[in-house]
Structures are given as C-alpha cells and as structure tokens.
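Asks: Starting from the structure of chain H, add chain Y where the hints point.
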Amino acid sequence: MRMTYLKNGETLSLNSALCTGCRECIEVCPHAVFDMQGGKAMIADRLSCMECGACMKNCASGAIKVKAGVGCAAAVIQGMIRGTEPACSCGKADTKSAAAGSKASCC
Amino acid sequence: MEKISTSKDPADSAACGCGKTPVTLQAVPRQRREYVTGFVSSGERKVPVVSTRLSLRDVVGGWKVRWDFGRSHYAVLPGLYAVGSPGSDSPVLVTANYKLTFDKLRRELGGVDAWILVLDTKGVNVWCAAGKGTFGTRELEQRTMAVKLQDVVSHRTLILPQLGATGVSAWEVKRDSGWQVKYGPVRARDIRAFLSSGLRKNNEMRRILFPLTERMAIAPTELVQSWPLLLGIAVVSAPLGLPLDAGYMGRLLGVGLPLLGAVAVGTLLLPALLPYVPFRAFSLKGALLGALWGIAVSLVVRASLPGAAALTLMAMPIAAFLSMNFTGSSTFTSQPGAALEVKRGLIPMISSLTIGLGLAVVTRILPL
Chain H
0 MRMTYLKNGE
10 TLSLNSALCT
20 GCRECIEVCP
30 HAVFDMQGGK
40 AMIADRLSCM
50 ECGACMKNCA
60 SGAIKVKAGV
70 GCAAAVIQGM
80 IRGTEPACSC
90 GKADTKSAAA
100 GSKASCC
Chain Y
0 MEKISTSKDP
10 ADSAACGCGK
20 TPVTLQAVPR
30 QRREYVTGFV
40 SSGERKVPVV
50 STRLSLRDVV
60 GGWKVRWDFG
70 RSHYAVLPGL
80 YAVGSPGSDS
90 PVLVTANYKL
100 TFDKLRRELG
110 GVDAWILVLD
120 TKGVNVWCAA
130 GKGTFGTREL
140 EQRTMAVKLQ
150 DVVSHRTLIL
160 PQLGATGVSA
170 WEVKRDSGWQ
180 VKYGPVRARD
190 IRAFLSSGLR
200 KNNEMRRILF
210 PLTERMAIAP
220 TELVQSWPLL
230 LGIAVVSAPL
240 GLPLDAGYMG
250 RLLGVGLPLL
260 GAVAVGTLLL
270 PALLPYVPFR
280 AFSLKGALLG
290 ALWGIAVSLV
300 VRASLPGAAA
310 LTLMAMPIAA
320 FLSMNFTGSS
330 TFTSQPGAAL
340 EVKRGLIPMI
350 SSLTIGLGLA
360 VVTRILPL
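Chains as they are written, first to last, in numbering that gives the first Met the number 0: chain H, 0 to 106; chain Y, 0 to 367.
One chain only, chain H, in its complex shape:
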C-alpha cells in the first residue's frame, strides 16, 4: 500500500536542461519518484518523495536539487531544544563529531 505524508517532495526540483539521462536517480530512489521521458528523467510522483537526498547526491550533472533531511519528529524537537537544524545524529552537520562515537537512540 502506498503511504504518503505531509509536504512530501516540496523542495525537490529537476533541471531537465542539465539532465544527461544516466538513470542514476531512478536507480537510487526508494519511492519511484522519477521516470524517464524522451531520454531524460522527470518527476513522476512528487508526493511520494521523502526528501532523503539520494538522487541529488548521485546526480553527477547537478540537475537535481532537494533539501535533504530526516523525516523524524523527535529529531525536529531535538533541533528546537538545541536551536539547530533537525538532526537525528549527534551532529549531522559535522560528520566528524557524529563519528565521535555516540549514536542517537532513534534509528
């Protein structure tokens, strides 16, 4: 069963002019958001996009932009308390400190 959520896919954008048709976004998207049309990728199912960022990270031509983040209310609350961006890790913004060893109890 396809489940959708609030505000899904709102920050996702695809610049067709830059797309080389390599299909990597289709390979990495866990929600089948993309499809191919005329040799280029297109956004076929925006509402299923959870904004994980895998497509942007693996788009070599920089055609895909999305504000990637974790869809986790606990992380949002944690961020509010700390006055930072929502983060489920101990410092997602700083991979070095995330690597310092502690891990979030969430996931």
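By construction, these hints were calculated from the structure, which means they are not laboratory data.
A hint or two may mislead.
[What the hints assert, rightly or not] Chain H stretches covered by chain Y per the calculated footprint, using a threshold of three residues with CB under 8 Å from any CB of chain Y:
| # | stretch |
| --- | --- |
| 1 | 8-16 |
| 2 | 21-32 |
| 3 | 41-50 |
| 4 | 61-71 |
| 5 | 74-86 |
For glycine and all other residues, C-beta sits at the position ideal for the given N, C-alpha and C.
Replies: Just chain Y, lined up with the frame of chain H:
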C-alpha cells in the same frame, strides 16, 4: 586489530540526549565472533569467512536489540570478510557494521562466493548511517584503501545497498578512487537474484515498502523507549488514587491502566494500523486512536462524564505524541512534514494533557 571508536565528545552526547556508551573494540569480544568459521587466503592475507547461517545466539541477539537492549553496542568490526570461497573475480558487497544488518546480509548468502566489506557506521544500520553520513563517500573510499581491496579483487566494482545512496555519491567515488559503485537492491533478500541476473534490478527491488511485519519489528523499540512516559504516568496516577484505603489500588489502576493503554495505542496499535487510519499527520492518526481508546475504556469502566473527558483528554495527546515519534521509524516521511506536525501539534497536545489532568484532579477532589 583496529578500534571502531573509543572517543566521545561530551558536548555532543549531552546535547542530543543520546549519550550512550560508544561502540568500542571491547564491545566485540573475540570469543563472541563465532560467526567466523575460518579463513580464506588472498595473497599473503587471511580474510575471515563468516557463516551464512544464524546461530541461536545471533537470533536471540537480534530479538534483544529489537527490544532496545544493548542496541548501541551491537556491532561487528569493520573490515573485509568473505562468504563461501571467493576469488579475485568475486563480487564485493558493502554493508554497515550494525550486527543485525550484517546478520541479515550473510543469512541471504548461502551458496554465494563473495567478499563483504563492512564500513564503520558506529554500529548503525545502512539507511540511518547514510543519513548521518557515516555510511558515506569518505568512509567507503578510506575503507577500500585500508583493506587494500585492489589487491584482493581484479575488478573495480562495489555493490552497495541502495539505501546507502543517501550518504554515498557514486560519481565522486569513481572520480576519487576509480571504484565503480553499483547500487543493489533495497532488501538483502533480493541480493541473490540481483547477483544472478548480472547486477540488474527490477522495480520491486528498488522500492521501499513498510509492510506490517516491518512496522511491528520496530514497535517494541518504540515501546521500550517510551519509558519516561510510563514513569510519568505512574507518578501522576499515584496521588490520584489517594486516600490510602482499601480502594486505593482500584482507583490507582482506574487512572493508570487507561493511560498505559494509551502508550500501547501510540507505540503498538498505530504502527499496526498505520495505512488504515485516516489523516496523513501521524499525530492526528494517534489522536484519533487515543480518543477512541479513551471513550472505549470509559464505557468499560463506566466512568462519569467528567471522568471520561479527563481520561480521553489525557489519552489523546499521549497516543498522538508517540505516534508522531513513529515518523522517525517510518520509511516515507519528509522533514518539512515532520516539522509542520511538531509546530502545529505540540501546543494542542500540551493543552489537552493539562486540561485532562486538571479535570482528573478536580473529579477526584469533588466526586461528581
């Protein structure tokens, strides 16, 4: 033998409230590495071969971490492993060093000859580690160098779980190190079909689903992690049962059990019914289930109208909050959506809880 990590930034752990003991080498005692059944030679080196069958200890260990016991210490040492008798042309499968993840992968590799490259993800599963950046481009590049993978295999292809793509940039890896990243299926159970079909995926292998079994597999963790709430309910219920006479226990349970039930509604019932409960916001789904629970339990215990209102007003926000927290375990929620839920939901939840609690106190003092 290298350390996984022993350093710990106190500022970090204090700030995020997750100050659990970091994964250390000591967390993986040698005698517990019973999944290593032997060694395979690669040039001068001996690479540990791991079993593709789970032992009773592995199964019990998996159950324990699902109930959140020792979850932060459940790790295997990063590095190179083997299944079967791989050679220089065998595939390289990359995974995380959370032992539950490692076990799920090797369990699917019966009859397969392959190398397993375990990244140091601090004992976290692939998807979460990819989100945090520990299952990432740098770690992948550094780990392939650290194990001298180019001396082990003659090809230049790494097979990664698809969900690792959130942390790994395949084109950067190719540019920086020459290794070609190939994203395999989402689930380990499709890996054999993927390997035998010449590294081709079908649409089903790409899709993440969130079926009942997976929703319920995570639910016990949610329940265990709700302990502060359970404690709060006990603390609040205790005085509501006063005075300390023969009827105390009855009154205590009369308040405590429905509220503990609301915790079960938010942590167990919501995951079970997730696709079938109306509303897209998890907190609204939880509030609805909490309200139904409050009304149902009030009818059963034949509560007075104010008593029923008090129970329902307290059950709703408890179930709603815990349901909202389930967004973090779900597979399809976006961050702006979660932020919206928190922003809109917290004040109504706190208000409802406060009014309900006030009403509960009043109905205790002035029996209506």
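Asks: Can you list which hints this structure breaks, lowest number first?
Replies: none
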